[in-house]
Amino acid sequence: MKALTWEGKQSIALKNVHDPTILNPLDAIVKVTTTAICGSDLHLYNGYIPTMRKGDIMGHETMGEVVEIGSMVKNIKVGDKIVIPFDIGCGSCLHCHDEEFSACDNSNPNFMIPEKLYGSSGAGIFGYSHMYGGYAGGQAEYIRVPYVDTNSLVIPPGIDDEKVLFLSDIFPTGYMAAVNCDIKPGDTVAVWGCGPVGIMSIKSAFLIGAERVIAIDHFSARLKMAQECGAEVINFKDEEEMLEKIKYLTGGRGPDSCIDAVGMEAHGHTVLNVIDTVKQKVKLGTDRPDALRYAIQSCRKGGTVSVPGVYGGVLDKFPFGAAFAKALTFKMGQTHVQKYMPELLDMVLEEKVDLTSVITHRLTLEEGPSAYENFNKEKDEYIKVIMKLH
Amino acid sequence: MTIHLENQYRGESFKAPPILIPEKDHGYYHSANILKSPQFVYEFLQNPENVKASLQNLPEGIENFLDLELMKANATDADEYEVVWENLEDSIVSGAISFHCQRAPENRGTILLAQASFSNFSTSEDDPSELIRFFIKRLKALMETGVIATTKGQPSGREELNLTH
Numbered sequence: 001m002k003a004l005t006w007e008g009k010q011s012i013a014l015k016n017v018h019d020p021t022i023l024n025p026l027d028a029i030v031k032v033t034t035t036a037i038c039g040s041d042l043h044l045y046n047g048y049i050p051t052m053r054k055g056d057i058m059g060h061e062t063m064g065e066v067v068e069i070g071s072m073v074k075n076i077k078v079g080d081k082i083v084i085p086f087d088i089g090c091g092s093c094l095h096c097h098d099e100e101f102s103a104c105d106n107s108n109p110n111f112m113i114p115e116k117l118y119g120s121s122g123a124g125i126f127g128y129s130h131m132y133g134g135y136a137g138g139q140a141e142y143i144r145v146p147y148v149d150t151n152s153l154v155i156p157p158g159i160d161d162e163k164v165l166f167l168s169d170i171f172p173t174g175y176m177a178a179v180n181c182d183i184k185p186g187d188t189v190a191v192w193g194c195g196p197v198g199i200m201s202i203k204s205a206f207l208i209g210a211e212r213v214i215a216i217d218h219f220s221a222r223l224k225m226a227q228e229c230g231a232e233v234i235n236f237k238d239e240e241e242m243l244e245k246i247k248y249l250t251g252g253r254g255p256d257s258c259i260d261a262v263g264m265e266a267h268g269h270t271v272l273n274v275i276d277t278v279k280q281k282v283k284l285g286t287d288r289p290d291a292l293r294y295a296i297q298s299c300r301k302g303g304t305v306s307v308p309g310v311y312g313g314v315l316d317k318f319p320f321g322a323a324f325a326k327a328l329t330f331k332m333g334q335t336h337v338q339k340y341m342p343e344l345l346d347m348v349l350e351e352k353v354d355l356t357s358v359i360t361h362r363l364t365l366e367e368g369p370s371a372y373e374n375f376n377k378e379k380d381e382y383i384k385v386i387m388k389l390h
Numbered sequence: 391m392t393i394h395l396e397n398q399y400r401g402e403s404f405k406a407p408p409i410l411i412p413e414k415d416h417g418y419y420h421s422a423n424i425l426k427s428p429q430f431v432y433e434f435l436q437n438p439e440n441v442k443a444s445l446q447n448l449p450e451g452i453e454n455f456l457d458l459e460l461m462k463a464n465a466t467d468a469d470e471y472e473v474v475w476e477n478l479e480d481s482i483v484s485g486a487i488s489f490h491c492q493r494a495p496e497n498r499g500t501i502l503l504a505q506a507s508f509s510n511f512s513t514s515e516d517d518p519s520e521l522i523r524f525f526i527k528r529l530k531a532l533m534e535t536g537v538i539a540t541t542k543g544q545p546s547g548r549e550e551l552n553l554t555h
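Keeping their order, the protein sequence lines are chains E and V.
Going left to right, the first sequence walks through residues 1 to 390 as this note's numbering numbers them.
Going left to right, the second sequence walks through residues 391 to 555 as this note's numbering numbers them.
No lab work stands behind these hints, which were simulated from the structure alone.
Keep in mind the model is a prediction, meaning the values are calculated, not measured.
Watch out, some of these pointers could steer you wrong.
[To be verified] Computed from the model, here is a short list of chain V residues facing chain E with C-beta under 8 Å:
| no. | residue |
| --- | --- |
| 1 | Asn-423 |
| 2 | Ser-427 |
| 3 | Asp-457 |
| 4 | Lys-462 |
| 5 | Ala-463 |
| 6 | Ala-465 |
| 7 | Gly-543 |
| 8 | Gln-544 |
| 9 | Ser-546 |
[As the list claims (entries may be wrong)] In the BS3-like style, the derived pairs of lysine-lysine whose C-alpha atoms are separated by at most 27 Å in a straight line are:
| no. | chain 1 | residue 1 | chain 2 | residue 2 |
| --- | --- | --- | --- | --- |
| 10 | V | Lys-542 | E | Lys-31 |
| 11 | E | Lys-163 | E | Lys-2 |
| 12 | V | Lys-542 | E | Lys-116 |
| 13 | E | Lys-2 | V | Lys-542 |
Here a beta-carbon is modelled for each residue, glycine too, at the ideal position from N, C-alpha and C.
Could you put together the complete structure from these sequences and hints?
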């Protein structure tokens, strides 16, 4: 089969590789019909997530048709059209039982790596480094799905892939980020980063009941998209005193909650961000947390900072004193996608939300390598790339 | 291998006894929270097939020095069980692993406490702790899911095919 593989920093290739096979009796093989490139794939592309190996198959936003199942699979059958969550839950440990699927105890065969780095291991993730299990991803013609009874959402017949593909990651991720904000009537939510997860966070904040959303970015096309979702927008390149502006817009209090949908590769013109960039380039630092710093500084006293953006290492100049002084609550983590999928599918089917508006490019797998390059360089033009197969 | 899986166990609300840290010189110790009843864990640990299955296909760099035979299995108290496996007499490395199963706090299954004591390692670089940790983690996975997560045999670009299409 054809697959997009990671060949090194800023190098993605289209390769012919073996078809996947059932390796465990709880597996299924899925013929991929549509897959997407996630903003967090760019962290891999740019070499910021450790433990990638040359030849790893990329991709964690995937859907398709089940073509084979293992002998212990109970709920999924051949022919089912499924959306595959990016995180892999076993469905049987205490965490999965409590719907904390991304904290699964059993799905990461390389659990020793995160145990050493982070103290304990979370779930495996498709196409997201050997630290997260080394699972082959979905930017390929076929994918093996472990524990498929847990890691699948069956889609009713006749639904266009584009309407539901983003249930695999960005919609549940934006939704969990908003849920984590504990939004109450009248609340204002600020969202840093208007990429796909940021846009889904904005949509979700409104769905949950936020009165206002303030969106911050520096790409005009992304800000326009945020505006079309109903957000008030701030281009931080035009605002020397961004914190003052956010305070002014919130009656001097600051937003009730702040979402960092940027993560480890923040852009910006602050001195700290310049230092972060240099340190990251010479491998003296792991993350550029400028958006998170702003979120902490902006948030109202007693508010919540919710972090769906991906971080990988140790954060420098992290204003923990401000967070403490303002009694902030932090919520974060890889999304428990399986927990939210069913209710979010209902919202899509009831047309309460349209997820297709973020799609800017519909490409083929063959165009994948150039799509990565363009997505990385042209973030104003490339917001969400999907690739159609089969 | 066929493993009978009961429904995931949450039990009833329960105040668990404290877990005591063994003496430093007692060897290696690990524990795991398993979402099964102590009775299930106790029975599972006595089956040589399960022990064997959990030690197959270990990752590169983890040397298997375990060649175990069941020495002891008994119920020490209501919902508390003990199982001891010892390396065979002719093994290069000598020692034993003892398992103690007790109900987890509230309704969270079983706490499996494992204490291992081994000697006669061939080199000072051998890390018995790594193997024991893998052993416990895999026993837990087998008990909870019936399988051990793996990626061995999956496709990658490291084995590129010379196909024309």
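**Hint check against the structure, violated hint numbers in rising order** = Of the numbered hints given earlier, those the structure breaks are 2, 3, 4, 5, 6, listed in rising order.
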